[in-house]
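Q: In the order they appear, the protein sequences are chains V, P and D. Take the first sequence: its letter number 82 is residue 82 in this note's numbering, and every next letter is one higher. When you read off a place in the second sequence, starting at 1, and then add 1000, the result is the number in this note's numbering. When you read off a place in the third sequence, starting at 1, and then add 2000, the result is the number in this note's numbering.
Please note: incorrect hints may appear among the correct ones.
Stated by the list, open to error - DSBU-like mimics (lysine-lysine), calculated; alpha carbons at most 35 Å apart, straight line:
id, chain 1, residue 1, chain 2, residue 2
1, D, Lys2416, P, Lys1152
2, D, Lys2231, P, Lys1152
3, V, Lys133, P, Lys1152
Hint data in this document are derived by calculation from the structure and do not stem from the laboratory.
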Amino acid sequence: MRLPPFQYLLPGTVKEALDMLHAHKGKLCIAAGGTDVVNRLRQRLLTPSYVMSLKDLPELQGIKKRKNELLISAGTSLREIAEDPDVCALFGAVALSAGLVAAPPVRNIATLGGNILQETRCLFYDQSELVRKAALPCLKQGGKVCLAQKGATRCLSVYQGDLAPALIAFDAKAVLKKAGASRTVPVLALFSGKGKQPFTVEDDELLTRVAIPMPKGRYGASYEKLRMRKGLDYPFACAAAFVSLSAKGVIDRARLVVGAVGPAPVLVEEASAHLVGRTPADADCEAAAACAVKSAHAIDNLALPAAYRRKMVKVIARRAINGALSGAGA
Amino acid sequence: MAKIEKIRVTLRVNGEEYPLFIAPYLTLFEALREELHLTGAKESCGRGACGSCTVLLDGRPVRSCLLLAAEAEGREVTTIEGLGRQGALHPIQEAFVSHHAIQCGFCTPGMILTAKALLDRNPDPTEEEIRAALSGNICRCTGYKKIVEAVKAASAKTAPSGAIKTAPGSGE
Amino acid sequence: MSIIGKSAGRVDTAAKATGEALFSADLTLPRMLVGKVLRSPHAHARILHVDTSRAERLPGVRAVVTGTDSTQEKWGVFRYTQDQAFLPSDKVRFIGEEVAAVAAIDEETALEALDLIRIEYEELPAVFSVEEAMRPGAPLIHDTNPGNINVNVKIDVGDVEKGFIESYYVTEGTFSAPEDSYFQAEPYAVVASFDSSGNLDIWMPNAGPHLKSKPLSNCLRMPLNKVRVRKITIGGAFGGRSEISPADVVCALLARKAGLPVKIVYTREENTVATRQAHSMIATIKTGVDREGHVIARDITCHMDGGAYSSTGPIAVSVPFLCMEQAYRMENVRYNGYRVFTNKPIRGMYRTHGRAFACGVDLQLDMIARELGIDPVEIRLRNARRQGDYTPTKSLVVSCAMTETIERAADAARWKEKWGKLPPFHGIGIGCNSVQTGFPMGIRGGSSAFIKFNEDGGATVISGVVDNGQGNENMIVQIASEELGIMPEDIQLITADTEVTPSDPGSYSMCETFVGGNAVRLAAKDAKGKLFKFAARALEAKPEDLEARGRKIFVKGEPERSIPFARAIRLALSKGESISGEGSYWPKVDPRREWVENPFGQLSETFSFGTTIIEVQVDPETGLVDVVEAWAAQDVGRAINPKVVEGQFEGGLTMGGQGGMLTEYHLWDGGRCLNPDQLDYRLPLAPDMPKINSIIVESHDPAGPYGAKEAGMSIAMSAAQAYVSAVCNAIGAPINEYPLTPDKILEAIENKNRKG
């Protein structure tokens, strides 16, 4: 199926890109790797007047190691992230999450920025016009009803990105630029928690890079993903965990993030209480994982039933915590 | 709605340059098939899931249905037509034929190109690495067994033994 | 044998490896237009008014067609199931049904034109399940079918009630599965072109061009010899491409109206929703056995959701029952099969049709075995079909190695070491099934072939046999090569083209080798017989003492007394005789047998039998399944090409077992299919697959060409049963709803734990 007609913009510098974003605000889509956007264009879920390429912007490519942080530019391919020696050595969970996205040919062109800012998903929304035209427009399409859950007044489409939970576990920061301004926010803050408009990024802002702070001392992190097949699929449950140990071997910092539970990844704050202050051997992983269950707002909008997906949140959270603890102990 | 103006895009495909004048919203897949009449890349899903549209971009497999033609400008595109011809098959094509790794043939061009990209970087892959590399290419006919055997056999032909493997987990 | 039984490379695969092989969507003809179809957004609605005027006026549009352009004659596979008009003008019956179509100079214009067609509908209440459709007062989808019952097949053999009374143990259960789908790699596409003499050339992926040309000639009111369904490379069929499709008619109508060739390429969604899907099904099965586990009585009621039109309804209702009655012996059996209309896409015969039915039968055998203290392999051995048997509906089973398939699979799988001895959540299971080699197909049930020769010793084989990817073209070359005694590279094939090739039933109902291959073999024998008369004279021998092999004709036992094949041909030509061969094969079925009216008598001339064993590990926390290994043993009669046969086993197991029982199912919102493409309809991937061990068993069927029957279908089906058997064994609990998605497996584990 032909894509809907649009004009193609090819900025030569980041400044030009930001000016274009501003000039065509609201009518422009960015195609980085295009693996999410082009699908939505083909389905006519998006019909922008302009599609802007980032391919001639070398400033948006590459991974740089600094003393206290690792900088990954937003246009870096997922394959590069998965294979990068520094990412693998220092932030293995991020490398792992990147390596689990879709399939190798997708990872060759999909980018960090595109993966973080992918649209939320729902069986009732992610359809071509052939299927959508046979029903009323749903909340996410700008309509008045939720097709997945009768009577629902807010959209609970699911955020299924793999990178974000791992990045949030490491408390990574995102740099957003627009013409004449720049701001840095935690990756967690990129998410609005609302299915209809899942991101707090403005129409004329460009995500340029992510900075992952170097943890202090011994630490471990893990990303766990559950999917139906051994490839290709988005997660139906996923979690990332990070722990760091003090010099005495006591957990001094712990972060548990669950994904695929609702419109945004969730930092499970209460989980830390069952981990911090204990040694890895004494950590109450079961209780920590149980805290994640409250964040599971799954409804029947994906291929597997919500009740099952809610059960899996605890399982995957526990696996992620265990993985992080072994990583720290190792 | 105003008609969108065409743009000039030069594609380098199978070693040759092709100056094109196309709609900006044309995908690489459409440009290859419609403008260059290279019909080896196929559409089976229209969603970037099946891998039938796979071509190599600077030697790496990509979904040509998810790339705008304009995005491929300045890069090397390799299609199945650039690999070999009957009477002069590439060793991987030869292996697919002799190992009965082809039934209906619709997924075959994409599968072969993905296998080539794997062997170019990992000349002696394990079965697990082959399956991981091909995890984005869907075949409905073969169950993959003979495809994996063909790639293994081709690896013996295209590389010296004792080759260095790439980092595990990259799935290439 | 020179080439029969050898894994020779296929004749068609090099062109596929290079991308040179052309599929329908790859064709371009000069001035060809792009066709697009407008589809109903309503599941059930009357068509009140169609206004195409704005679309017709759009610059670049060359033709628009609607119901008024078609004959409105209703088509059906059977005379008594004629219910579908191509481009309906009265009402639409499912979301996605074709209502109009346009042909334009490019895709953008065609899409824009579709948006300009105005159709006024009056929505009608719709039904989306068998229960809803059969409820009293439910809206009728076809006025001719009260209760929305499309087909009811009733079979009653022996005395089932008495059988249950006499049984030592009786078990009953209900098994269900939602729709699955073919997902042939190639989405449907049609190219239609009329030449200057009004002949229609049409290309589309098909499982039998001759099955397409007659309905097309009816719909287009053209004589059959002017409708030419042409040879094309085909990307899979799996049972879903035998019937005329609305796209075929629509494309031809557009081409005729525009006076230019038209190509319609379906999106994947259109292929899923507007060609065929597989049936969803609920089967209630009651089985009674004696103390040794021999089945004495079985009673099955099955309801299938057929969607909006009949398609191959009578066949679909019957086949799951027939496969079971062929595979297993039983004296008393009763069957009530229903196909019910709903306002959903049309369901057709699928390679692994009837998963709920088949898995229910075998799961019950496992449960009965457990109750009686015997193992699942043993209970199958006790009930296995044997050569010389008659099935309950009176088909004679002439060749059968079912027992051997069970024994060899169990042996290879080291069943005795594993059964009952595997660690927790590690299981092994078995499934057995049988498949017909050829359905009764009336005047289209037979195949004919011609062979002509060139003076340099080459031959051209002309056959209606079609190849959907399974290797049928190669099968013909191997057979002709063996029989004629020349090399495969000496043989040119002309196949699957209704202008040139004689009629053939198509690659439907597993009959191409048995019927089409036999016809080619007979044609080769005919040609060879004629040639031997000339060779005999030259060699001063009797024709019956001659043999052909390696491009030579020679006296048996005296290979030096020979002449080259080419010389024999030139000899004949020099005597004014042009040698050609002709052969026809019609399978010996009972012509009085009818699916509904008279389901008794010889169903097909022969049957294949297969056993699959699967070993799995289940993650008890998530319910996800790791398939450890698979063993597939099938009685194929004779493997004409062992690697090709293995490919059918491997692909069939992947579709019927791995996909069919673990991940493949459709999700619905009323009449809207929510997973019509490969992102959310999960087909098995390379890393999902276990090690597959293929075991070819040969019973040497007396009628099959070189003893061959069919390859792979009994594996495709028994694999489904084996997957269920293995998973239920791993978790120690039965599951009656399929496929075995992780949530169902987890629920079964939790239920079992609750029961303590």
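Q: Against the 35 Å threshold, does the CA-CA distance of Lys2231/D and Lys1152/P hold or violate the hint?
A: holds (34 Å)
Q: Does the alpha-carbon distance linking Lys133/V and Lys1152/P stay inside the 35 Å limit?
A: violated (47 Å)
Q: Check whether the Cα positions of Lys2416/D and Lys1152/P lie no farther apart than 35 Å.
A: This hinted pair holds, its Cα atoms lying about 33 Å apart.
Of the numbered hints listed earlier, the single one contradicted by the structure is hint 3.
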